[in-house]
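Visitor: Residue-level listing of the chains:
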Amino acid sequence: MNTRGLRSQLKDSIPVAGLCPQGQYGVQDSLRSGFTSAKNELLPSHPLELSEKNFQLNQDKMNFSTLRNIQGLHAPLKLQMEYRAARQIQRLPFLPSSNLALDTLRGSDESIGFEDILNDPAQSEMMGEPHMMVEYKLGLL
Amino acid sequence: MALSNVLETPAAGFNFDNVARNAALEGLFEGGQTPKPLKTGTTIAGVVFKDGVVLGADTRATSSEVVADKMCAKIHYIAPNIYCCGAGTAADTEKTTELLSSNLTIFSMNSGRNPRVVMAVNILQDMLYRYHGQIGANLILGGVDCTGNHLYTVGPYGSVNKVPYLAMGSGDLAALGILEDRFKPDMELEKAKELVRAAIHAGIMSDLGSGNNIDICVITRRGVDYIRPYQESEYKDNRKMKYKYRPGTTPVLTEKVVPLKLEVVQETVQQMDTA
Numbered sequence: 001m002n003t004r005g006l007r008s009q010l011k012d013s014i015p016v017a018g019l020c021p022q023g024q025y026g027v028q029d030s031l032r033s034g035f036t037s038a039k040n041e042l043l044p045s046h047p048l049e050l051s052e053k054n055f056q057l058n059q060d061k062m063n064f065s066t067l068r069n070i071q072g073l074h075a076p077l078k079l080q081m082e083y084r085a086a087r088q089i090q091r092l093p094f095l096p097s098s099n100l101a102l103d104t105l106r107g108s109d110e111s112i113g114f115e116d117i118l119n120d121p122a123q124s125e126m127m128g129e130p131h132m133m134v135e136y137k138l139g140l141l
Numbered sequence: 001m002a003l004s005n006v007l008e009t010p011a012a013g014f015n016f017d018n019v020a021r022n023a024a025l026e027g028l029f030e031g032g033q034t035p036k037p038l039k040t041g042t043t044i045a046g047v048v049f050k051d052g053v054v055l056g057a058d059t060r061a062t063s064s065e066v067v068a069d070k071m072c073a074k075i076h077y078i079a080p081n082i083y084c085c086g087a088g089t090a091a092d093t094e095k096t097t098e099l100l101s102s103n104l105t106i107f108s109m110n111s112g113r114n115p116r117v118v119m120a121v122n123i124l125q126d127m128l129y130r131y132h133g134q135i136g137a138n139l140i141l142g143g144v145d146c147t148g149n150h151l152y153t154v155g156p157y158g159s160v161n162k163v164p165y166l167a168m169g170s171g172d173l174a175a176l177g178i179l180e181d182r183f184k185p186d187m188e189l190e191k192a193k194e195l196v197r198a199a200i201h202a203g204i205m206s207d208l209g210s211g212n213n214i215d216i217c218v219i220t221r222r223g224v225d226y227i228r229p230y231q232e233s234e235y236k237d238n239r240k241m242k243y244k245y246r247p248g249t250t251p252v253l254t255e256k257v258v259p260l261k262l263e264v265v266q267e268t269v270q271q272m273d274t275a
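In order, the protein sequence lines correspond to chains A and B. For the first sequence, the residue numbers in full-length UniProt numbering are 1 to 141. For the second sequence, the residue numbers in full-length UniProt numbering are 1 to 275.
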């Protein structure tokens, strides 16, 4: 696949592989992911994977930079402050949060996309181990 | 079930976990015989006439060389004044048009106005460009709004064209030939319907991926007339034999009846509140 623009996209993204191999119980799932290799863990397998992972981030950056160019520095600064405050209203990491305040600020409570239909985290059938998830979120892991 | 190696909840939206597996599996099938998705292999056409827009489509859906659906509905509802014909992968066109319709409904509830065709086109364009052509949907959008009668086409990568007459799908070359020959601006309703019917018919005759019946949808300021089917195919197959077996075909050897004794232990009646 084309790896030219990859570095700039990988830089901002949340780490893809994590610390443990994919698959249940922490053992390499040969049927689904094939044999282990460093390339499989680091590079995305589908051209859309990175752009989808960073989509919201990139949209926000684009909107804020346009706003800064039109209305000056204070406008995006104030909006980002509100986003930051709204992003903190969440349940513990292993429980699904509604993100209502953040959705309202972004305007995504008035539109439906694939992220509302497919893979809804509120209906996920698997739960992460609570202690590990909280430690990961606090950066202790 | 708690998994010990999941450190964050998975993101909503498309899931790319199986891509590596699918790529590896594709190499295993000899001769590239991977299962193909259901395509519509279509002829769709649209024409702007004096009072509105006429959209037409055939009704065959194919899965490689097999006809998967003989009465597929390819003209989708978007808004009371906007309809959309879809060619390409059947599931993609269905889902994309449903999402578009939901978004426009939310908008019209919020603002109290009828949606315009340009809004639908812009939403579609953004959505399809975001996925870089992986969503295989070739769409013809037609509608009547306060600014006039419009006909747009949106390609799978997000390209948009505004035209007075249009054909898309695998049979589009044949249909476009008919449209180029006989189209005139500001036609009457009956002539426009006949033109679209002839165009789809040419597509059906010349293309293997299109066939069966022809659906027509007429959108005007006064309302929508969805005629399904407008013309039935003259090659309908008649079943030569009946596949139901007469009662008594299988002889009964022995019969034993055991009555099930039940006694009513408790009976409660709850009134349903139908106010």
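Treat the hints with care, since some could be wrong.
Straight-line C-alpha distance at most 30 Å; calculated BS3-like pairs for lysine-lysine [as the list claims (entries may be wrong)]:
1) Lys61/A <-> Lys78/A
2) Lys53/A <-> Lys95/B
3) Lys261/B <-> Lys61/A
4) Lys53/A <-> Lys36/B
5) Lys242/B <-> Lys191/B
6) Lys78/A <-> Lys137/A
Label-pair ranges, simulated between beta-carbon atoms [claimed, not checked]:
7) Glu8/B <-> Asp103/A: 48 to 54 Å
8) Glu129/A <-> Ala11/B: 17 to 23 Å
9) Gly133/B <-> Gly72/A: 49 to 55 Å
10) Leu173/B <-> Gly72/A: 39 to 45 Å
11) Asp273/B <-> His74/A: 20 to 26 Å
12) Ala73/B <-> Leu140/A: 51 to 57 Å
13) Lys236/B <-> Thr66/A: 27 to 33 Å
14) Gly223/B <-> Thr66/A: 24 to 30 Å
15) Leu77/A <-> Glu98/B: 20 to 26 Å
16) Glu267/B <-> Lys137/A: 54 to 60 Å
Calculated Cβ distances over 10 Å to all of chain A for the following chain B residues [claimed, not checked]:
17) Asn15
18) Arg197
19) Met272
Because the hints were derived from the structure by calculation, they are not lab data. Just so you know, even glycine gets a beta-carbon here, dropped at the ideal spot from N, CA and C.
Visitor: State for each hint whether it applies.
Guide: We went through each hint and held it up to the structure:
Annotation: proposed proximity of Lys61/A to Lys78/A holds, straight-line Cα distance about 14 Å (limit 30 Å). Annotation: proposed proximity of Lys53/A to Lys95/B holds, straight-line Cα distance about 21 Å (limit 30 Å). For the given pair, Lys261/B sits about 73 Å from Lys61/A by alpha-carbon distance, which is inconsistent with the 30 Å threshold. The straight-line distance between the Cα atoms of Lys53/A and Lys36/B is roughly 27 Å, inside the 30 Å bound, and the hint therefore holds.
Using a Cα cut-off of 30 Å, the hinted pair Lys242/B and Lys191/B is violated, with the two alpha carbons roughly 43 Å apart. Distance restraint check for Lys78/A and Lys137/A: the Cα-Cα separation of roughly 26 Å lies within the 30 Å cut-off, and the hinted pair is therefore satisfied. For the hinted restraint 48 to 54 Å between Glu8/B and Asp103/A, the CB-CB distance of approximately 19 Å leaves it violated. Under the hint 17 to 23 Å, the C-beta atoms of Glu129/A and Ala11/B, about 19 Å apart, fit the expected range.
Between Gly133/B and Gly72/A the beta carbon distance is about 38 Å. The supplied range of 49 to 55 Å is therefore violated. Distance hint check for Leu173/B and Gly72/A: the Cβ-Cβ separation is about 54 Å, which falls outside the suggested range of 39 to 45 Å. Restraint check, Asp273/B to His74/A: a C-beta distance of roughly 56 Å breaks the suggested window 20 to 26 Å. A beta carbon spacing of about 55 Å between Ala73/B and Leu140/A agrees with the range 51 to 57 Å that was offered as a hint.
In this structure, Lys236/B and Thr66/A break the distance hint of 27 to 33 Å, their C-beta atoms being roughly 58 Å apart. In this structure the supplied range 24 to 30 Å is violated for Gly223/B paired with Thr66/A, their Cβ-Cβ distance being about 41 Å. Range check, Leu77/A to Glu98/B: Cβ separation about 39 Å, and the 20 to 26 Å hint is violated. In this structure, Glu267/B and Lys137/A meet the distance hint of 54 to 60 Å, their C-beta atoms being roughly 55 Å apart.
The Cβ of Asn15/B does not lie farther than 10 Å from every Cβ of chain A; its closest approach is about 5 Å, which violates its non-interface assignment. With a closest Cβ-Cβ approach of about 35 Å to chain A, Arg197/B is found to remain outside the 10 Å limit, as its non-interface label requires. In this structure Met272/B is separated from chain A by more than 10 Å, as the shortest Cβ-Cβ distance comes to about 30 Å.
Violated hints, in rising order: 3, 5, 7, 9, 10, 11, 13, 14, 15, 17; the structure is consistent with all others.
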